[in-house]
Amino acid sequence: AQSVTQLDSHVSVSEGTPVLLRCNYSSSYSPSLFWYVQHPNKGLQLLLKYTSAATLVKGINGFEAEFKKSETSFHLTKPSAHMSDAAEYFCVVSDQRSGNTGKLIFGQGTTLQVKP
Amino acid sequence: DTAVSQTPKYLVTQMGNDKSIKCEQNLGHDTMYWYKQDSKKFLKIMFSYNNKELIINETVPNRFSPKSPDKAHLNLHINSLELGDSAVYFCASSQVQGATSGANVLTFGAGSRLTVL
Numbered sequence: 001a002q003s004v005t006q007l008d009s010h011v012s013v014s015e016g017t018p019v020l021l022r023c024n025y026s027s028s029y030s031p032s033l034f035w036y037v038q039h040p041n042k043g044l045q046l047l048l049k050y051t052s053a054a055t056l057v058k059g060i061n062g063f064e065a066e067f068k069k070s071e072t073s074f075h076l077t078k079p080s081a082h083m084s085d086a087a088e089y090f091c092v093v094s095d096q097r098s099g100n101t102g103k104l105i106f107g108q109g110t111t112l113q114v115k116p
Numbered sequence: 001d002t003a004v005s006q007t008p009k010y011l012v013t014q015m016g017n018d019k020s021i022k023c024e025q026n027l028g029h030d031t032m033y034w035y036k037q038d039s040k041k042f043l044k045i046m047f048s049y050n051n052k053e054l055i056i057n058e059t060v061p062n063r064f065s066p067k068s069p070d071k072a073h074l075n076l077h078i079n080s081l082e083l084g085d086s087a088v089y090f091c092a093s094s095q096v097q098g099a100t101s102g103a104n105v106l107t108f109g110a111g112s113r114l115t116v117l
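Line by line, the protein sequences give chains G and D. This note's numbering applies: residue 1 is where the first sequence begins, and numbers increase by one. This note's numbering applies: residue 1 is where the second sequence begins, and numbers increase by one.
Be a bit skeptical, because a hint or two may be false.
According to the in silico footprint, chain G covers these stretches of chain D (three or more CB under 8 Å from chain G) [unchecked claim]:
#: 1; region: 42-52
#: 2; region: 107-114
List of simulated lysine-lysine pairs, BS3-like, C-alpha gap at most 30 Å [claimed, not checked]:
#: 3; chain 1: G; residue 1: Lys103; chain 2: D; residue 2: Lys41
#: 4; chain 1: G; residue 1: Lys115; chain 2: D; residue 2: Lys40
#: 5; chain 1: D; residue 1: Lys44; chain 2: D; residue 2: Lys19
#: 6; chain 1: D; residue 1: Lys19; chain 2: G; residue 2: Lys58
#: 7; chain 1: D; residue 1: Lys44; chain 2: D; residue 2: Lys22
#: 8; chain 1: D; residue 1: Lys67; chain 2: D; residue 2: Lys41
#: 9; chain 1: G; residue 1: Lys103; chain 2: D; residue 2: Lys22
#: 10; chain 1: G; residue 1: Lys49; chain 2: D; residue 2: Lys19
If you are wondering where the hints come from, they were derived from the structure by calculation, not from laboratory data. Built from N, CA and C at the ideal position, the CB exists for glycine as well.
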């Protein structure tokens, strides 16, 4: 069975400093991995996705994530945080076998706080 | 605007009532979903429909009944509402079921916050 674990429930950074949101996954098959962001009282927006192409994936708003099979990780990074990045971030896995059914498995979420 | 739209955005009701949440997408997608986000922000799939056919039906009480009149709409009807049904319900849609071009990317609506008193 597939699962995803976000290692930090809350991350606080200062504006202009790097962001690191950690995610580990478990999957019996070659996984598809995503990061979604949810701003307060808003829907979920796709940041980026990994689908067995390049292991370093670039997303919107300067975010990127690196797929590391040996570490079963898919950490999200950004070189310099902006106040508008404050939100809830979800790491999501979908096995290729079930990848086309939309049955996504969500992590518990990481709240990113950005301080001035 | 192309999007997934849900109504109502907020819904407050009493226990035992029956209520519906509507969802429409104008993205031309074939598959639609309902996800539930609980008070701890945990998201879990409830249902998915492909071209009006039920594909995924997770362990959800049968008080919840999805209805898809056409592939652009997927409504969620809830009977005999309970306190535990309080949550944010997200509708989503995606491209053709079974596509081999890669992972199935979902587009989500803004959510409908249901509060049962």
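Results of checking the hints against the structure:
Coverage of a stretch by a chain is defined here by at least three residues with a beta carbon nearer than 8 Å to that chain's beta carbons; for the region 42-52 of chain D and chain G the count is 5, and the condition holds. Three residues within the 8 Å Cβ limit are the bar, and the region 107-114 of chain D against chain G gives 5, so the coverage statement holds. Between the alpha carbons of Lys103(G) and Lys41(D) the distance comes to roughly 17 Å, so the proposed pair stays at or under 30 Å and holds. Of the supplied pair hints, the one linking Lys115(G) and Lys40(D) holds, its CA atoms being roughly 23 Å apart against a limit of 30 Å.
Of the pairs offered as hints, the one joining Lys44(D) and Lys19(D) holds, with about 20 Å between alpha carbons and a cut-off of 30 Å not exceeded. Taken as a hint, the Lys19(D) and Lys58(G) pair is broken in the structure, with Cα atoms around 41 Å apart against an allowance of 30 Å. This hinted pair checks out: Lys44(D) and Lys22(D) have alpha carbons roughly 19 Å apart, not beyond 30 Å. Between Lys67(D) and Lys41(D), the direct Cα distance comes to roughly 25 Å. Compliance with the 30 Å bound is thereby established for this hinted pair.
Restraint check: the Cα-Cα separation between Lys103(G) and Lys22(D) comes to about 21 Å, which is no more than 30 Å; the hinted pair holds. Taking the CA atoms of Lys49(G) and Lys19(D), the gap is about 35 Å. The hint is violated against a cut of 30 Å.
In this structure, the earlier hints numbered 6 and 10 are contradicted, and the remaining ones agree with it.
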